Each structure stands twice: as structure tokens, then as C-alpha cells.
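K.L.:
Take a look at the letters that make up each chain.
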Amino acid sequence: MEWETVIGLEIHAQMATKTKIFSAASTAYGAEPNTQACAVDLGLPGVLPVLNQEAVRMAVKFGMAIEAEVADYSVFARKNYFYPDLPKGYQISQMELPIVGIGHLDIEIDGETKRIGVTRAHLEEDAGKSLHEDFHGLTGIDLNRAGTPLLEIVSEPDMRSAKEAVAYMRKIHELVRYLEICDGNMQEGSFRCDANVSVRPKGQQEYGTRAELKNINSFKFVEKAINIEVERQIDLIESGGTVVQETRLYDADNNETRSMRSKEEANDYRYFPDPDLLPVEITDQLRAQVKADLPELPSVKKQRFMEQYGQDKETAATLTSSRQLADFYETVAKESGCTAKLCSNWVSVNFLGALNKANLEIAETPVNAERLAGLLKRIADNTISGKTAKQVFDSLWESDLTADEIIEQQGLKQITDSGAIEAIIDKIIADNPAQVKQYLSGKDKVFGFFVGQVMKASQGKANPAEVNKMLKDKLK
Amino acid sequence: MSLTADEVKKIAHLARLGIDETDIDAYASDLSNMLDLMTQMGETNTDEIQPMAHPMDQMQRLRPDVVTEKNQREHFQSIAPQTEAGLYLVPKVLD
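In the order they appear, the protein sequences are chains Z and P.
All you need for the working numbering is the position in the first sequence, starting with 1, plus 57.
All you need for the working numbering is the position in the second sequence, starting with 1, plus 328.
For the record, the hints were derived by calculation from the structure and aren't laboratory data.
These numbers were taken from a predicted model, which means no experiment stands behind them.
Every residue, glycine too, gets a C-beta built ideally from N, C-alpha and C.
Be aware that a few hints might be false.
[What the hints assert, rightly or not] Which chain Z residues stay away from chain P? Per the calculated CB distances, all over 12 Å, these: (1) N91; (2) E111; (3) R114; (4) E124; (5) T170; (6) H189; (7) T196; (8) E288; (9) R380; (10) K414; (11) E427; (12) F504.
[What the hints assert, rightly or not] Where chain P lies over chain Z, by a calculated footprint (3+ residues, C-beta under 8 Å): (13) 171-184; (14) 325-336.
Make the full structure from the sequences, and use the hints.
P.N.:
Structural data, given as C-alpha cells:
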């Protein structure tokens, strides 16, 4: 039988606020345990949560970016469950009336555009962290993360393969970083994903029973976890079994999903409106402010790069994959005044290649846009050849000098003075009468020998095009 | 509507409340009465009325995103039953 996979994702993005969603404690990552957990975060009696305006603004920003309905009026609710990293015995979240309603996002899959629905996005607080090892049979609790604002972005079950799920997740990741509402750091848990996965016979309308894969922290694992879960479900059904609705954990070491011990009543959260929090009003003033702040979105920027700089789809996608890289490219283009082709090549191939090789983020680049532009100018005005430029680029990477200083210091200036080149050519011709004879008798291949000798004699500084032209004239 | 003894036990378990077996019948009866009252209220026509999220007719005040809390770990942990290396220690819970 032919099976169809159905996937919906719940993405948790930590909002890049300075303070918690309901307290004025810092959200900075990596602090000593419990030094950023205040009375509100600990759920001590008598405290009241006060909502962070920046968290609200960021959620609204996301809503506008996915063309969603942003609520006029939004309500927080308590989601009740017991776990030691949740000190209050409930998580403040949203059930009815979330901040962001129905929206959508387009992904590209095998050259085709597919629209993925976003059901909703709501604000909630993150839990603390449990450390299960080394405490004489006890569990250690760090509540620094408790109360960090999360935006939970829930998709429609619109994805039909692990590949589509990854494309959607990447798109959301790119978007939240563009909007500067989440740093997107998956290693630190700033961006996490749960996947709802089910299968159904192809053509069937109703959905199969789904399993929820929890907390998958990399793009690679999302793809692998979904694929292995789909395989498990199909095998199970084909051998006469049925899929049960449950939460499963992906074990990357063994590439398998495992049922989490299903706590009875686990899903009976008994939501109710939180009496500690009043309803939130999203005012027209806030909407207008956020709208004015909205940056050029990735898809629009990509389209503009294709039109304005004549880039193909792939190059434009690469160069607009982050706001910083796109800005870097545009600074290089503007500062150098060189052709879009030269700039695109250097930024997307040489520069990105060097960054990847050094395992650096764009923010950590040793060569800024201005210095790279300085190099490209010298390629464009023929001061140096493309080959020499690579050598200059390596020096740029390793020093603080400008391209001009490096060219000067290392004597890399291309010889464009035709008199100097002519002198070298004359000498080479005089020194190699046998080869001249061969060439004149019709052995065209010998021409390469002459070019090589001239380039060697000029220490690679002669302009190859010029050398070719002059040699042809001389050897007539 | 009347709740069974099992339902009372389940509700108590969800809220992590220890209740006395001998009180279950009384809880069942009290809770059932409350549900009856709700059913009665539910009969009122509220088609034109926006659900109330809070009894106070006000909107949430928002707080500027500025850190004002200081580290008071020692203070908070002085009342914790057990701590180590800055962590609160609790009985082991497994995922």
C-alpha cells in the first residue's frame, strides 16, 4: 500500500528580551545556577506576574511577518501539571485568544513553492532545567531559564515529508532571526521543535493517529526523527498493529524513537484563565509602531537581490539567508562599486567559504565588508589578477591591513605597462628559437609554453590577457 | 450531574491533594452541587455577551524590558530543604 506522511510542527522560540516574561530577572544564557531566578520565577507565595511589553511587541512582530490576524485582545491561562522544574505547578501560557491567529509561510521544495499554514502563535513561559546526574540519587534544579519568554508557533498539518518539515523549520528560523526576536541558537535551546507525525493510506481524507516527537534540537535530527518514526508507524500498521497517540523521544545515538513512559492523565492540563493577569490589549499604536519597525522580509529581499543584482535563485537565497550576510553583501557592492557578478562571486564563494572553513559566524568575520570591497576594486581596475586576489584575500584574513597595503608590501601589482611586458616577451622569444620555429610551423600548442614563460618571468604579475594579445602579434 | 467516587479521586490526584477516603462521599456531593449550579448558569442566554476573562474591567499593564532583579540566591536557598552547587535538590523524577 502507498502511504502518505502528515506532519505538523510546534516550534518554541525563546524571545530575545533582556528580562523574563513576567519578572525583571535577566534572561542571559550561561549564568551560575539560580542566580537569575527571582521570587516570581520561583513561584513564591504573594508574588504577581507583570507582563514584559517587549515580549508582546515581538510576538506581534512575528504575527505581522506571517500576515496573521493579530488579536485585539489576548488572554493568559494556567496550564496545570506537576514537574519540579515548574515551581508554581502550572505554566502561564495561552489557550483561548492567543496573540497571533491564523497566518502562513511559503517554503520552497524542489523548486516549487508550497504554502504552509500557521494555526496560531502564543506567548508562554519556559520551564527550568533538571539535571539528573551526580546528586546522590536526587535531581538538581536550575531555575534560571524558568520564565524566559517563549513564542510557541503551531503549524497546520500541512507538511507531507520530513524534507518539507525541515524546510518549514528553517524558514521560521530564518524569519525569527531577521525579525531579531530570537537568536536562533539551537545548541543553547533558544529554538526547539516538537513534531506531530502520522501516516495514512494515500488518498484517505481523515488523518491517522499521531505521535508527538519531543524537543528535537537540530535540523538534521528533525529529518531523521521524522523519517524513522514514519517507518515505525508503517511497519506497525502493516504488521497488523495500531499507532497509539503518545509522546515519543528521539534517540539520536540509536536513530530510533522511544515511547516516553506515559504518565497517566498527562494531558489533562485543566487550563483556565490566569486570575493574576488581566487581558492584554494590542493597541493600534503598538501595531503601527511594530509595522514601522518591520524589516525587509527574507522572501522580499531574495526577490529584490534577483532583480537588482541579477542573481540566480540559489545565489540570492544564499546571500539573503541571514540579515547580516545580506547587509554585508550590500555594503561590499556599494563600497566597491564593482559589478554585481564580481561581488556575488566573492561574497558567496570566497568569503563564505573562508567563514565556513574557519567555522565562524558572520559577526565574527576577520574581514569586514569595507576591506573586502577594497580588494574587489583592485580586481576591477586590473591592478591585480583574479589569481593574485585570492592571495591578497588570505592576507586580508590574517592581518588588519587594507588590500592596497598588502598589494604594495608584497609587490603584487599587475604589470599593465606594455613596454615592460614587451621587453619580457622579446627576451623569451630570443631565448627559445627552437620553440618559435615549431610554433611557426603550425604547432599551436607551443603557444601555451610562451605564455607560461612570460608569466613566470613576470612573477605572475603580467596581465594574462595582455600577454596573450602581445604574444600573438609578436609571433606572426 | 453527579460525580462518582473515582472521579473525585482522579481530580484530587491531578491537583496532588491527599484526601481522606471517608470524606469522598461528601466531596462528591459538594462538587456535584457546584456543577449543578454551573449547569443552571449555563442555561442563561449569553449569545451577545463577550466572555469575561477577568472580573476587573481593566487591561494588563505592561512592564519595560529592564533588568531590576538582583541575585538573591543565598537568601532564597536558605529556606530550601536541600541545595548543592547552587541547585535546588528534589526527589528524582524520570522522564
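K.L.:
Does each hint hold? Answer for all of them.
P.N.:
Going through the hints against the structure:
Not every C-beta of chain P lies more than 12 Å from that of N91/Z, the closest at about 5 Å, which undercuts listing it as non-interface. Distance check for E111/Z against chain P: the nearest CB is about 4 Å away, which does not clear 12 Å, and the non-interface claim fails. A beta-carbon of chain P is positioned within 12 Å of the beta-carbon of R114/Z; the least distance is around 9 Å. At roughly 25 Å, the least C-beta separation between E124/Z and chain P is larger than 12 Å, which holds for a residue marked as non-interface.
Non-interface status of T170/Z relative to chain P is upheld: no Cβ of that chain comes within 12 Å, the nearest being about 36 Å off. Not every beta carbon of chain P lies more than 12 Å from that of H189/Z, the smallest distance being close to 7 Å; the non-interface claim is violated. In this structure T196/Z is not separated from chain P by more than 12 Å, as the shortest Cβ-Cβ distance comes to only about 5 Å. Once the 12 Å rule is applied to beta carbons, E288/Z is consistent with being away from chain P; the minimum gap is 23 Å.
Against the 12 Å criterion, R380/Z stays outside the reach of chain P, whose nearest CB is about 21 Å from its own CB. No beta-carbon of chain P comes within 12 Å of the beta-carbon of K414/Z; the shortest separation is about 38 Å. For E427/Z, the requirement that its beta carbon stay farther than 12 Å from each beta carbon of chain P is met, with the minimum near 33 Å. The beta carbon of F504/Z sits about 70 Å from the closest Cβ of chain P, which is more than 12 Å, so the claim that it is off the interface holds.
Counting residues of the segment 171-184 of chain Z whose C-beta lies closer than 8 Å to any C-beta of chain P gives 0; at least three are required, and the coverage claim is violated. Interface restraint, the segment 325-336 of chain Z with chain P: holds (7 residues with C-beta to C-beta distance below 8 Å; minimum three).
The earlier numbered hints that this structure contradicts are 1, 2, 3, 6, 7 and 13.
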